[in-house]
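Visitor: Spelled out, the chains give:
2 protein chains.
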Amino acid sequence: MIVDDSYTVEPWALSETSLDLATLPQSESVFALSNGHVGWRGNLDEGEPHGLPGTYLNGCFEFHPLPYAEGGYGYPESGQSVINVTNGKTVRLLVNDEPFDLRNGHLHSHQRRLDLRSGLLHRTTTWTSPAGCTVKVRSTRMVSFTQRTIAAVSYEVQAVDTPVRIVLQSELVANEALPTSSGDPRAAAVLASPLEAEEDEAQDTRLRLIHCTRGSRLRVAAAAEHVVQGPHEPRVTSESSADVARLTVISTLAQGESLQLQKFIAYGWSGTRSLPAVRDQVEAALAAAKATGWQGLVDEQRRYLNTFWARADVEVEGDTQVQQAVRFALFHVLQAGARAEQCSIPAKGLTGTGYDGHSFWDTETFVLPLLTYTSPSAVAEALRWRHATLPTARTRARELGLRGAAFPWRTIDGAECSAYWPAGTAAFHVNADIACAVMRYVSATDDEEFERSTGIDLLVETARLWVSLGRRDNRGAFHIDGVTGPDEYSAVTDDNIYTNLMAGENLRGAADACERHPGRAAELGVDIREMATWRDLAVRVYMPYSDELQVHEQNAGFTSRQRWDFESTSPEQYPLLLHFPYFDIYRKQVVKQADLVLAMYTCSDAFTAEQKKRNFAYYEGLTVRDSSLSACCQAVMAAETGHLQLAYDYAVEAALMDLNDLERNTKDGLHIASLAGAWMALVCGFGGMRHAGHSLSFAPRLPDALKKLTFHMQIFDRRLRVEVYPNHSVYTLLKGARMTLRHYGVEFEITDSASVLQPIPSESPGRAPAQPLWRRAAERSAAAAPSHAGGRSATAMQQQGP
Amino acid sequence: MIVDDSYTVEPWALSETSLDLATLPQSESVFALSNGHVGWRGNLDEGEPHGLPGTYLNGCFEFHPLPYAEGGYGYPESGQSVINVTNGKTVRLLVNDEPFDLRNGHLHSHQRRLDLRSGLLHRTTTWTSPAGCTVKVRSTRMVSFTQRTIAAVSYEVQAVDTPVRIVLQSELVANEALPTSSGDPRAAAVLASPLEAEEDEAQDTRLRLIHCTRGSRLRVAAAAEHVVQGPHEPRVTSESSADVARLTVISTLAQGESLQLQKFIAYGWSGTRSLPAVRDQVEAALAAAKATGWQGLVDEQRRYLNTFWARADVEVEGDTQVQQAVRFALFHVLQAGARAEQCSIPAKGLTGTGYDGHSFWDTETFVLPLLTYTSPSAVAEALRWRHATLPTARTRARELGLRGAAFPWRTIDGAECSAYWPAGTAAFHVNADIACAVMRYVSATDDEEFERSTGIDLLVETARLWVSLGRRDNRGAFHIDGVTGPDEYSAVTDDNIYTNLMAGENLRGAADACERHPGRAAELGVDIREMATWRDLAVRVYMPYSDELQVHEQNAGFTSRQRWDFESTSPEQYPLLLHFPYFDIYRKQVVKQADLVLAMYTCSDAFTAEQKKRNFAYYEGLTVRDSSLSACCQAVMAAETGHLQLAYDYAVEAALMDLNDLERNTKDGLHIASLAGAWMALVCGFGGMRHAGHSLSFAPRLPDALKKLTFHMQIFDRRLRVEVYPNHSVYTLLKGARMTLRHYGVEFEITDSASVLQPIPSESPGRAPAQPLWRRAAERSAAAAPSHAGGRSATAMQQQGP
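Which chain is which? The protein sequence lines are A and B, in order. Using my numbering, read the first sequence as starting at 1 and increasing by one per residue. Using my numbering, read the second sequence as starting at 1 and increasing by one per residue.
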């Protein structure tokens with residue numbers, strides 16, 4: 001994986017068995033730890049070498065100017081970028097008089113292991129210094145799920161063959177030098193050294209740095225406490241300056257002796273609280289963590305994850321790499337959202353600076369479904385963050401001449417940061433994506449209080465947006481003109497089906513919520529007439545259709561466009577947007593990512609089974625998957641239309657997006673939505689799970705390679721297990737009252753007394769549809785799944801022939 | 001005019017009778033002098049106060065980065081901006097020990113007068129210094145049409161009532177401080193001090209500065225020679241430093257005595273020649289100018305303009321303001337193009353820095369028609385400049401995945417500088433505009449040599465572009481998808497009729513030229529088959545039409561769009577692009593500027609008379625004229641469809657665009673295309689002149705307010721005069737062999753023996769079509785035309801009610 005063979009395939013961990021400096025940046029992303037509030041990239045303890053040093057606090061960003069050579073009305077003037085805050089990971093080591101640096105001396109062994117059940121990142125290395133002195137270093141690192149402001153490191157160094165003088169430097173470092181990025185020099189200047197020093201302190205084993213960002217005026221505090229254990233009473237001193245606070249431990253170890261350091265780091269940030277308040281906040285958190293102790297934190301972490309896996313685990317028999325990948329995916333999605341708590345879930349989580357740390361529609365569309373059925377409280381928090389940004393979204397709607405709220409295409413604090421409006425402002429579907437996430441969460445959890453206090457506001461304001469954005473034609477159909485759907489290879493089109501259908505759901509959901517909460521509806525100024533309008537428009541949304549081809553049109557006129565000339569496009573010319581001008585891409589039939597195909601999954605009832613088959617086949621021939629969000633959607637619809645091998649190929653692609661670095665940018669952070677997509681491909685694809693309102697249905701069917709698929713879900717206050725075998729599936733109610741499910745459209749009941757077995761009907765879907773030349777999914781076979789082999793198989797997509 | 005009453009209305013001059021500091025920036029534009037090679041804004045001799053100091057050399061620019069917050073394939077990385085080169089205008093005056101500065105002391109009188117027949121800018125002022133010493137200053141300035149690198153100043157100061165010690169400082173100044181512009185700070189930094197000093201010299205009465213631009217590496221030389229005349233042997237010294245060369249003249253004048261200074265300035269620039277070569281070039285030009293002498297230059301200028309007016313004059317009886325405006329327009333268009341000689345004709349000429357000094361499609365579409373019939377050699381030069389940029393245009397086409405050549409939307413040196421592709425790269429019609437300018441020039445002049453050496457290359461390469469850009473549908477129609485037409489309130493549309501028809505003309509013209517020049521065609525690789533394809537596609541261009549409304553669609557689907565809500569748009573919300581987002585403007589029926597209406601003029605035969613009437617009426621209701629290029633086109637089609645009062649209103653608007661500063665940006669330079677449009681409105685509107693191939697036709701008809709319109713044309717090696725009266729017109733052949741014309745479609749012959757009188761048929765066109773609320777043209781009546789009154793009448797458009 002990650003282009004090399006140093007990673008092993010195993011069900012509950014990701015292990016790297018040797019160090020490859022070439023893939024260090026990617027390893028920092030896959031080994032990143034986070035709880036959604038604090039994020040640490042998997043940088044080496046000693047800080048160097050590194051790909052990208054990274055310590056992130058969710059929501060902690062800096063402004064920078066957005067430059068336009070030719071500006072326009074409504075263009076956002078200010079960008080936002082996540083900043084690298086005070087690094088608390090660093091523990092430097094001096095062996096006699098030589099720094100422990102893996103680029104020098106001799107490295108006997110180096111292992112890193114991310115344990116998905118314990119939530120710990122382990123590292124073990126044996127190294128001989130250039131002068132010939134050998135040490136063994138063991139470190140374990142965590143970002144706590146239970147104490148959200150806390151991260152901790154356990155570090156141990158052992159003298160292997162000779163006595164050795166050891167100096168450990170445990171640090172807090174602000175304004176680390178970062179590799180230069182190639183963007184706007186003014187933005188780079190702002191982000192290069194984002195923190196202004198306010199206070200530094202070192203007292204005994206305690207360190208503290210407090211800084212403030214220059215533009216966004218966010219106060220950032222980091223504090224560390226240490227426990228040192230070792231023979232011969234190690235000498236411990238500490239010191240601090242504006243950007244560095246340092247604890248120094250000096251010890252001489254005899255052969256076989258070890259020096260141990262436990263480091264607890266507390267983070268805090270605030271845009272409003274005073275310096276003393278933020279200082280006290282981190283000191284209090286630190287005191288609590290120290291009181292819990294290292295082992296206490298480790299135990300809490302394990303218990304937290306046990307609970308998570310009981311709710312969320314997916315077991316795959318027949319493809320150990322996919323088994324590993326889906327658990328890796330579940331773990332990282334949990335890390336991204338677990339404790340985000342009224343902050344966004346960025347596209348890269350807190351694993352890197354890709355997309356500037358922004359959140360997009362994929363949070364609601366790809367990440368929140370997984371969390372809805374596995375960690376619903378994280379969904380409520382993510383949507384509360386959207387709710388908190390409603391004033392900004394209302395202002396933006398006014399600015400655009402619209403009613404209601406217009407949520408941003410990309411943002412950290414809720415303000416629009418997209419500088420290219422045809423693929424930003426015009427992508428209004430983000431508003432329906434948010435609304436549908438509300439509806440999904442509310443119907444799955446029956447969290448009436450959330451709907452009343454939070455959800456209804458989001459539903460009403462987005463519904464109002466659609467009314468002002470769309471129009472009724474003289475035959476009564478409801479059109480939404482001039483918008484961009486999920487597929488960014490068409491832009492500013494009329495009647496994008498995905499947008500229209502999702503807007504319809506949004507309108508209907510708003511009316512339903514207002515009916516359930518008449519008091520709140522009245523507060524929001526919603527009257528009977530407005531609700532009637534919403535219901536009326538919801539059934540009138542227009543779905544362009546080509547009678548000639550008997551397929552739906554992704555947007556009006558789409559199928560009349562010229563087909564992209566795939567035969568004349570070479571494999572090196574993908575992704576297309578880096579090799580062809582937008583004007584040419586936009587005017588032709590070519591699809592970057594599932595759009596109509598996604599609509600057939602999210603708005604399943606709007607299409608007949610026959611339409612789904614025809615549409616899926618047609619758009620398969622046009623979809624080049626130049627977005628990481630595509631394969632998982634195609635997997636789901638390939639499965640629904642019976643093309644199980646194709647679904648499997650796509651599921652594997654989604655699952656290995658980061659582990660195999662398929663888009664060559666895992667170094668910038670993980671693709672959280674594609675990771676969630678791996679779950680979606682398995683559960684909604686091979687499990688055929690669909691949830692709408694209070695209905696939950698399944699239509700499971702496995703590809704040949706898989707022997708069994710098991711997944712867990714939490715929904716309607718129940719916990720379920722679904723086991724899928726080649727010819728039948730087994731439904732088990734693990735917790736909660738009896739309930740009705742559907743299996744291939746037929747209702748049945750499950751109770752806690754016994755599992756229910758259902759046979760899987762056989763089907764012959766016919767020949768699988770063709771994809772564009774050079775962009776077929778790599779064919780996955782069971783034989784392709786052994787350890788060390790899958791990587792090349794899936795990345796082969798980049799090079800394969802017709 | 002220019003919002004105040006200090007300008008007089010007179011037929012052959014523009015006179016300002018007092019100084020208004022508030023309109024100084026505008027006055028600098030309207031009093032700008034230029035020959036197309038050197039441009040001097042009408043800054044005061046003493047340099048201050050000023051709006052924008054400006055000295056421009058056509059083609060002399062600097063690069064600057066084009067910033068993109070979100071970049072894209074094919075986006076140009078480098079912008080270009082005209083730079084303010086060495087200022088040779090400045091003559092400072094010290095009166096006793098006080099600087100002559102109109103902001104201090106007492107200003108008794110101040111007149112400036114641009115004489116359109118002599119081509120001289122005169123200034124006369126009487127001023128009393130704060131200490132009470134009165135002087136009279138008279139200066140005359142010229143930029144020579146006959147010696148293209150030469151400008152000259154005659155300056156005289158007279159002691160009025162007391163003896164006075166005078167110090168004159170005549171300067172060359174590089175890197176003048178400019179008012180800050182609000183754009184990208186990096187671009188501003190580059191342009192603030194664009195010249196690197198290479199050499200400075202002052203010897204006796206001769207000054208010289210040589211600089212080089214930093215990025216574009218253009219060497220710029222300016223040299224000045226002086227003749228001083230005055231009583232009591234004035235003391236003359238000179239000195240120079242890197243950015244200033246100065247001649248100082250000291251004299252004491254008795255009451256009534258005068259000191260006179262003549263200053264000759266030569267400019268040269270080159271991207272290739274050495275410093276000694278450029279130095280010699282300016283010294284040689286200066287020697288020639290000094291040998292000609294001030295009076296010699298004045299005489300040459302007058303002779304040059306006499307010839308021009310004989311070819312080009314337009315006389316208007318019944319509206320003295322329009323009379324003045326059209327001559328002002330002709331003069332400035334001449335100034336922009338007369339000696340451009342293988343440089344472009346920028347949108348603002350050399351009168352200011354608006355649009356960064358770039359050239360657009362309006363050169364070929366609006367400016368070159370006027371010059372074709374009045375100064376054809378300037379047209380050949382402008383097109384030779386396009387030809388010189390063919391290699392760049394070919395490279396650009398490849399970059400865009402197209403064949404042939406893709407000319408830039410905006411440029412100085414031929415490279416694309418547009419940073420917003422939907423209104424830049426997508427506006428492919430510029431290529432057909434260039435091709436049609438070639439065809440117009442060649443058919444008007446029979447300049448076969450030009451066609452063979454230059455024109456055919458432009459025609460062939462643009463024809464190839466269209467073939468690769470368009471597509472044939474399965475019914476055989478030729479479509480061009482995803483382009484932006486002249487109307488920038490629709491963008492990236494399919495089958496823009498203007499683009500399609502113009503592309504058809506282009507294809508046909510290329511085939512015709514290749515038939516006439518088979519040898520050159522073969523050299524260009526054009527074979528019979530390619531020519532046949534061009535002819536075939538030319539007749540197959542698709543023209544979208546609404547059967548329901550019985551009008552053509554500006555582009556496919558246009559008439560199905562939602563109408564802009566004009567009733568809810570307030571007058572302050574125009575121009576729309578400054579108050580509404582593009583997404584909303586693009587998706588609705590609203591027209592920034594004539595597009596289909598322009599097509600009905602440029603491709604007149606593609607529409608029936610009835611279609612023209614219906615189309616014109618329909619698009620009148622949607623056109624808001626947020627571009628200065630619109631009114632003149634609407635004037636022409638209003639006249640053709642018989643709405644003469646409306647045509648008159650639009651003609652006046654076009655004519656007064658700058659004199660009344662209708663768009664509030666005359667300070668940045670004149671709207672050369674709108675000035676040319678004033679001519680177009682009169683000649684093609686009220687004269688009904690149409691030229692296509694070897695046919696020349698007229699359909700004259702005057703609005704009630706005008707008593708007579710006379711215009712001159714040079715075409716087919718003849719010179720014509722056309723006089724239009726209310727009920728008849730008179731055609732006179734002033735020079736050349738007998739020829740056939742058409743009057744209202746009927747052929748007749750004129751010879752040099754006698755004028756031909758033709759009656760004008762009467763017509764009742766019915767009610768004039770309505771315009772959008774708040775955007776109706778100001779109604780012009782004969783009563784509105786007296787001096788000092790017209791300004792308010794025409795600018796009233798901004799405030800008028802429904």
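A hint or two may mislead.
Which copy? The list can't say, so a pair holds if one copy fits it or any two copies do.
Heads up, simulated DMTMM-like pairs for lysine to aspartate or glutamate below, C-alpha to C-alpha not over 25 Å straight-line [as the list claims (entries may be wrong)]:
id	residue 1	residue 2
1	LYS588	ASP494
2	LYS667	ASP115
3	LYS588	ASP536
4	LYS667	GLU201
5	LYS707	GLU315
Just so you know, these hints were derived from the structure itself, not from any lab.
Visitor: Indicate, hint by hint, whether the structure satisfies it.
Guide: These are the hints, each one checked on the structure:
| no. | hint | result |
| --- | --- | --- |
| 1 | LYS588 to ASP494 | both (15 Å within a copy, 11 Å between copies) |
| 2 | LYS667 to ASP115 | within (20 Å within a copy, 69 Å between copies) |
| 3 | LYS588 to ASP536 | between (34 Å within a copy, 24 Å between copies) |
| 4 | LYS667 to GLU201 | neither (34 Å within a copy, 59 Å between copies) |
| 5 | LYS707 to GLU315 | within (11 Å within a copy, 93 Å between copies) |
Hint check: a violation occurs at hint 4 only; the rest are consistent with the structure.
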